[in-house]
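*Asks:* Sequence:
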Amino acid sequence: MITRTSEAASRIVTLLNSESAVGGDALRDPDRFKDFCTSLEIDQAELKVDETLLAIMRDLRAAVANCIEEPSSKSSRALEHVSAKAQLVMRVDDKGMPMLSSAAAGSASIPALFVLAIAALSEDGAWSRIRLCDAPECSTAFFDSTRSRTRRWCSMATCGNRAKVSEHRQKKVQRMTRGRLSKSAMRARSFDHLVLNVSDVEASLVWYMLHLGLEPVRVDEWRRGEAPFPSLRINDSAIIDFLSSERSGENLNHFCLVVDDADLHALHASGVIETEGEPRRLYGARGIGWALYVLDPDGNRVELRHYGEEPSAPHSASK
-15 MITRTSEAAS RIVTLLNSES AVGGDALRDP DRFKDFCTSL EIDQAELKVD ETLLAIMRDL
45 RAAVANCIEE PSSKSSRALE HVSAKAQLVM RVDDKGMPML SSAAAGSASI PALFVLAIAA
105 LSEDGAWSRI RLCDAPECST AFFDSTRSRT RRWCSMATCG NRAKVSEHRQ KKVQRMTRGR
165 LSKSAMRARS FDHLVLNVSD VEASLVWYML HLGLEPVRVD EWRRGEAPFP SLRINDSAII
225 DFLSSERSGE NLNHFCLVVD DADLHALHAS GVIETEGEPR RLYGARGIGW ALYVLDPDGN
285 RVELRHYGEE PSAPHSASK
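For the sequence shown, the numbering used here begins at -15 and goes up steadily by one.
The reader is advised that the hints may include incorrect statements.
[Said to hold, decoys possible] Computed list of lysine-lysine pairs in DSS-like fashion (alpha-carbon distance at most 30 angstroms, straight line):
| hint | residue 1 | residue 2 |
| --- | --- | --- |
| 1 | Lys18 | Lys69 |
| 2 | Lys79 | Lys69 |
| 3 | Lys18 | Lys79 |
| 4 | Lys58 | Lys69 |
Bear in mind the hints are in silico, worked out from the structure with no lab data behind them.
Quick caveat: nothing in here was measured; it's all calculated off a predicted structure.
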């Protein structure tokens, strides 16, 4: 049974979804707008569509969407402003029954049909049932017919299931992260250094010193062959290292974070995080320290470093 509420809801939902209609925006041109009216069984006997009408309908769609998505005095005033263009007046029928109708005729009366639909939904207590899908990648409008008024997605089979799977994965990651943090007992506390792959080390050194005022670190030693690479200092606790490499478009070799005193050997042996090689003593922004290369989910290399002692480290010389 088609009720006033269901008919009004159908009009508003169809209006909201008209921008993503099959074939493009249904309010884009006269031909598509006529198809839009046909889908809602709106009489087209005197339908003459011009850009003024299409602009009013697009403004109405935007105002309704804003009122639903972010209700505020601003969005309410915007809807009031565009609704005024519908030219509604109070009429009284032959039986003395007052009713709202459009003062305009023909095509100009179409916006009034949607404003009247909004009024009907509000009067029937159903305006709050017009919703926009909660899924981040979806903005489809729907009418929430549930008794509890708690429906969140336009379709449980698509957006709803994807959201539930995503929520499940997020909770799983959170549980895993909590467990791994407790095992590693470690937290990054500062940035240490960045390693860039460059095609011409000397040219890069000149550029960063000339234009950014960075100070050289082990540059002379590198030139004498006594250091594997040169560095430039940003501040007391951070440097940039430069490695000679062919230009490939992937110029970030890795970056380094200083972690609170942690047993990197124990972390490497635990298997809770993917590592690249074993912990070793390497040069950093504050001198020699223990370092371990790990890989993030995208394969980016991150060096974890600390300058304290390693409880389970074998005795080894600094490199």
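*Asks:* For every hint, state whether the structure bears it out.
*Replies:* Do the hints match the structure? See the list:
1. Straight-line distance between C-alpha atoms of Lys18 and Lys69 comes to about 20 angstroms, which keeps the hinted pair within the 30 angstroms bound.
2. With a C-alpha separation of about 28 angstroms, the suggested pair Lys79 and Lys69 falls inside the 30 angstroms cut-off, and the hint holds.
3. Under the criterion of a C-alpha separation no larger than 30 angstroms, the hint pairing Lys18 with Lys79 is inconsistent with the structure, at around 34 angstroms.
4. Annotation: proposed proximity of Lys58 to Lys69 holds, straight-line Cα distance about 18 angstroms (limit 30 angstroms).
Hint compliance for this structure: hint 3 is the single one not met.
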